[in-house]
Amino acid sequence: MENRPLISVEGLARRFGDSNQPAVFENIWFGVDKGEFCCLIGHSGCGKTTILNVLAGLDSPSEGAVIVDNREIDGPSLDRAVIFQGHALLPWLTVMGNIAFAVSSRWPKWDRVRVQDHARRFIELVGLKGAENKRPSQLSGGMKQRVGIARALSIQPKMLLMDEPFSALDALTRGMLQDEVLRICADTNQTVFMITHDVDEAILLADKIVLMTNGPGARIAEIVVNTMPKNERHRNDLHKHPQYYAIRNHLVEFLVNRSRAFDAEIADGGYDPRRLKLVKPGLMSVKLAAVNPPAEVVTLTTGRRQ
Amino acid sequence: MTAFKNSLGLRAGLLSLLIFVAIVAIWQIATLPTAGTGPALDPEYAKLVGNAAATGTKSSMPTPADIGATIWKHVTDPFYIRGSNDKGIGIQLAYSLGRVLLGFGLAALVAVPLGFLIGMSPLVYRALDPFIQILKPVSPLAWMPLALYTIKDSAISSIFVIFICSIWPMLINTAFGVGSVRKEWLNVARTLEVGPFRTAFKVILPAAAPTIMTGMRISVGIAWLVIVAAEMLVGGTGIGYFVWNEWNNLSIANIVTAILLIGLVGLLLDQGLAYLAKLVTYPE
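Just so you know, the sequences run in chain order A and B.
With my numbering, the residue at position 263 of the first sequence is 263, and numbering never jumps.
With my numbering, the residue at position 216 of the second sequence is 522, and numbering never jumps.
Please note that a few of the clues may not be correct.
Taking lysine-lysine pairs in the BS3-like style, the calculated list, with each CA pair at most 30 angstroms apart, reads [claimed, not checked]:
1. B:LYS584 to A:LYS134
2. B:LYS508 to A:LYS129
3. A:LYS158 to B:LYS584
4. A:LYS158 to B:LYS489
Footprint (simulated), chain A over chain B, 3 or more residues, beta carbon under 8 angstroms [as the list claims (entries may be wrong)]:
5. 435 to 446
6. 496 to 504
7. 583 to 590
Treat the hints as calculated values from the structure; they're not laboratory data.
Every residue, glycine too, gets a C-beta built ideally from N, C-alpha and C.
Using the sequences and the hints, build the whole thing.
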């Protein structure tokens, strides 16, 4: 048996309606290794959420398969916890109730006290101590998403699947939660697959960024390796890191131009969806910066002329 | 003075009192005994409507004071039994209430599980929809002869009529509530590998509970409307029978008393269910 990553997406395609319809995406191949934080970036409508739903087992692909731990998935599993975009808390339950519901689903034989103790640990982990008996309606958007994160972590899954978990939050809350996720994932060595359309979020969090072209017929263009070491990624001075702008420009360039015209780009061959290019724009920039400071970036941010 | 202006409740209460006084006053004036001798009456009619009315000195319509006295009489002695046709109004109300609660309870036992099934299965929904659509608009009293013929017991027949009239709102509301549970909540249950029964009781039921309770509230209201008519038809006991009996006795005061008490009990039933609905309602 070949050596597979923890999650291996193999030849995935999804069509809605009958098989004559063009696929939303097709021939999707990529893998996520254990302990890796992987972001999927692409425009809306390219099928990002559908891919995540397939990974979660909530949707089934028209073609291809997802192999997790060397077994093809055929439905949802407690091994794959999902953090939903709209937090999806049960509004009639308290914070404790929501998390206890997940914990007692994971360990049905546990008694009440054990379930609550376990749940309390994760409530504290996301910094919601004291809010155990509040209902979701009494919480702010950021707190709700913290409960969603605690619920997903509390079942101690093999991997976390996050669907734009912070997109509905204001910038300040988003930043705080990103830091929190970064810390928790580093502590627990959690494998994460996350969808985002926020370039900075991807650079801050991800070890590997999968770039998806526009649908219909969307595909994975390439995989960007985030060469900025985990311990050098801090939200407040991310932009000062020598690799930052090169990675950022590469991603923005992809989203603005290449995601649209990718078919033309690969028209002369050399593209193999099963063996995607691993790009390291961060490392190239360090070499370039020595010769040529990133002046174009400066003109971008201070674009006003006298 | 400003406190009075600011308190809507106080002002509304005062207005209610004013309207009440006005109604009683108009009533009082309308039922004043007519002075002098009225036109000669047909002796047959005089016998029928009673002496006081026939002589023209007093209307057979009771005055507010008569009503007050009658209400007082009933309220102070609600549970007497003087023969099979003369029982206290409390007993009659209890009969009606018992029938309503029994018929309503049986309907809930059928409607909630069936509504669950309809809400969860598009197949069952489509299959049962024609039956529901045709049977729902039928006046529950139209079932009465059929019930009397098949059940051969008037008391059970009236319970059946209550059952059949309270089933529809609960059935439809349960199906709607269950069918419109947010997909993301169901997805949460799916990703947590929650079994179908636990999902039904822990996710779908609490999610649909406010809608189900609204259906129950509508049902109990309709049941309370229908029981009066059903008991008028069936006779024997109950507040509907009491009203009809007092019409035969031409005791308007008793009828008015019954109307007020029917309204009061209906209000209590509605408020009781509204309270229960509040317990299961969740803010989003």
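Do the hints match the structure? See the list:
At roughly 18 angstroms between alpha-carbon atoms, LYS584 (chain B) and LYS134 (chain A) fall within 30 angstroms of each other, so this suggested pair holds. This hinted pair checks out: LYS508 (chain B) and LYS129 (chain A) have alpha carbons roughly 25 angstroms apart, not beyond 30 angstroms. Of the supplied pair hints, the one linking LYS158 (chain A) and LYS584 (chain B) is violated, its CA atoms being roughly 40 angstroms apart against a limit of 30 angstroms. A distance of roughly 24 angstroms separates the Cα atoms of LYS158 (chain A) and LYS489 (chain B); the hinted pair therefore holds under the 30 angstroms criterion.
With 0 residues bearing a CB less than 8 angstroms from a CB of chain A, the segment 435 to 446 of chain B misses the requirement of three and the coverage assertion fails. For the segment 496 to 504 of chain B, the stated coverage by chain A holds: 6 residues have a C-beta nearer than 8 angstroms to a C-beta of that chain, and at least 3 were required. Residues of the segment 583 to 590 of chain B with a Cβ under 8 angstroms from some Cβ of chain A number 4, which satisfies the need for three, so the listed coverage holds.
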